[in-house]
Amino acid sequence: MSADSTPLNTSKETANPAADGSELIRFDKVTKRFGSNTVLDSLDFTVNSGKHVTLIGASGSGKTTILRLLMTLIKPEEGTIKVAGDYLTHEERDGELVPAGDRHVREVRKKIGMVFQQFNLFPNMKVLRNVTEAPVHVLGLSPDEAEERARGLLDLVGLGDRCDAYPSQLSGGQQQRVAIARALAMRPQVLLLDEVTSALDPELVAGVLDVLRDIAHTTDITMLCVTHEMNFARDISDDVLMFDAGHVIESGPPEKIFSEPEHERTREFLSAVL
Amino acid sequence: MSEITWGLWEILLKGVWITVQLTVFSAALAAAVALVVGLARSHRLWIVRFISGAYFEIFRGTSALILMFWIFFVLPLGFGWQLVPLWAATLALGLTYGAYGSEVVRGAVQAVAPAQREAGIALSFTPAQQLRKIILPQAWPEMIPPFNNLLIELLKGTALVSIMGVADIAFGASLVRNATGQSAPVYTIILLMYFVLAFVLTRGMRVLERQAKAGIGQRPEKRSRLIGRKAEIPRQDATPATVGGEGR
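Order-wise, the sequence lines are chains A and B.
Under the numbering used here, residues 1 to 274 are what the first sequence spells out, in order.
Under the numbering used here, residues 1001 to 1248 are what the second sequence spells out, in order.
Warning: the hint list may mix true and false statements.
[Claimed, not checked] Derived DSBU-like pairs: lysine-lysine, alpha-carbon spacing no greater than 35 Å straight-line: (1) A:LYS75 / B:LYS1133; (2) A:LYS126 / A:LYS110; (3) B:LYS1156 / B:LYS1213; (4) A:LYS82 / A:LYS110; (5) A:LYS110 / B:LYS1213; (6) A:LYS82 / B:LYS1133; (7) A:LYS126 / A:LYS51; (8) A:LYS82 / A:LYS29; (9) B:LYS1133 / A:LYS110; (10) A:LYS110 / A:LYS51; (11) A:LYS256 / A:LYS75; (12) A:LYS51 / B:LYS1133; (13) A:LYS75 / A:LYS51; (14) A:LYS256 / A:LYS110; (15) B:LYS1133 / B:LYS1213; (16) A:LYS82 / A:LYS256; (17) A:LYS29 / A:LYS75; (18) A:LYS126 / B:LYS1133; (19) A:LYS51 / A:LYS256; (20) A:LYS29 / A:LYS110; (21) B:LYS1213 / A:LYS126.
[As the list claims (entries may be wrong)] Anything over 10 Å on all C-beta distances counts as not near chain A; from chain B, calculated: (22) VAL1024; (23) PHE1025; (24) ALA1032; (25) ALA1040; (26) GLU1103; (27) PRO1145; (28) ALA1184; (29) PRO1185; (30) TYR1194; (31) VAL1196; (32) GLN1211.
Simulated from the structure, these hints should not be mistaken for laboratory data.
Computed from a predicted structure; not experimentally measured.
Backbone N, C-alpha and C define an ideal beta-carbon position, used for all residues, glycine too.
Can you build the whole structure from these sequences, using the hints too?
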């Protein structure tokens, strides 16, 4: 697939003005607890625009929590999160930082797209409408415009011919590719990928990863992935962050992390999954 | 003892019409009440939950018959206006069955996978949009079978109005029985009348259920000719995909 034919292309000019390596996501001393269990402990980290960053680490290390915080599915106990210069968790009112209201959160969140482990397509909508619904009703696109965008994206993920199917009529891999198209239809600046292949049958994984690889290589969208597919992580990542007990214990380009990890926990983890 | 003449049949058939009207109006009111109260009961504001919960408990716990009397006889004393018996009955039945129905709505809404709401949040839908576009369309097919039960209950509950002199089937039956002195044929006829009405409602609700399921991409169940359902035939055309669930 060539870069010039993808409907994502426009995002380079419009939705993604800052794909220049500037800071896109910033976690500042973020603490998240579930009951007495501290999942993230005063976490600082940043993701620069246009980068593909993969979070690795044992389950329970806080990787998915980061994605869920960004998606505002959960709220941090302490600290702030900024996306493209705007506070996600807070808003400034009269020079003071107060917890963000729903409207503010929705505005900032439009910059973020998410693909879930379990796809979470809307079973009551056909494939095309799954992809057009939010652009029409959240972004205010005209139905025609949204449909054109959706058809382009469905072609991109190889499902242009399944627009009229219901999600229940698709395989898991196909559903996940629709979910990718649905997230991209919002022209997010950053795409969050939460173990997007974990729920798939092994033979369906490759198709989904190919689509993501294409997107990673042909667009300048920022990606933040949690994955157990180390080959995929190695292939698309600019940076890999190793999580342990709510902290980033090691980070660097995939070549370094995967071949010469410095930290003992990283070595243990990699030998367990590779 | 005398024959059931055409004139007497007419009384019964007019009764059927009153019963049908009463059922339709009460069901419409009950459906509206069930939706509003059912949604309010899982609202994020506690005061909304409290008020709707109180409504549910009060109207579930009071007798529809007494409520009907209350609306007909007591309300005029307090407010100075008098409802005709038909509307008093509609109000009483609608409010009572609405309370039952709210439990159906609440249960069906809560049964929609939480991941669906999360997907809605991820796409920045407002809470109202999530409800309208995602949650309710998926909850609706689940509501239909229990709603069908309630509807049939309601149909039979309309017989209460005969006590207030509304000329429904049951009222017609007692008139005809008094006129002819025959109990067995009259009550057998109206048993059958209620059964036929209930059966028609059930078939209608089954059609609705099949349409609703088709609307969320589920294949309609194979049905036997009269009653009952056969086991669902597994889909051949897709790998079954898990829905819902969440990771951390």
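Q: Could you tell me which of the numbered hints above are not met by this structure, giving the numbers in increasing order?
A: Of the numbered hints given earlier, the structure breaks none, since each of them holds.
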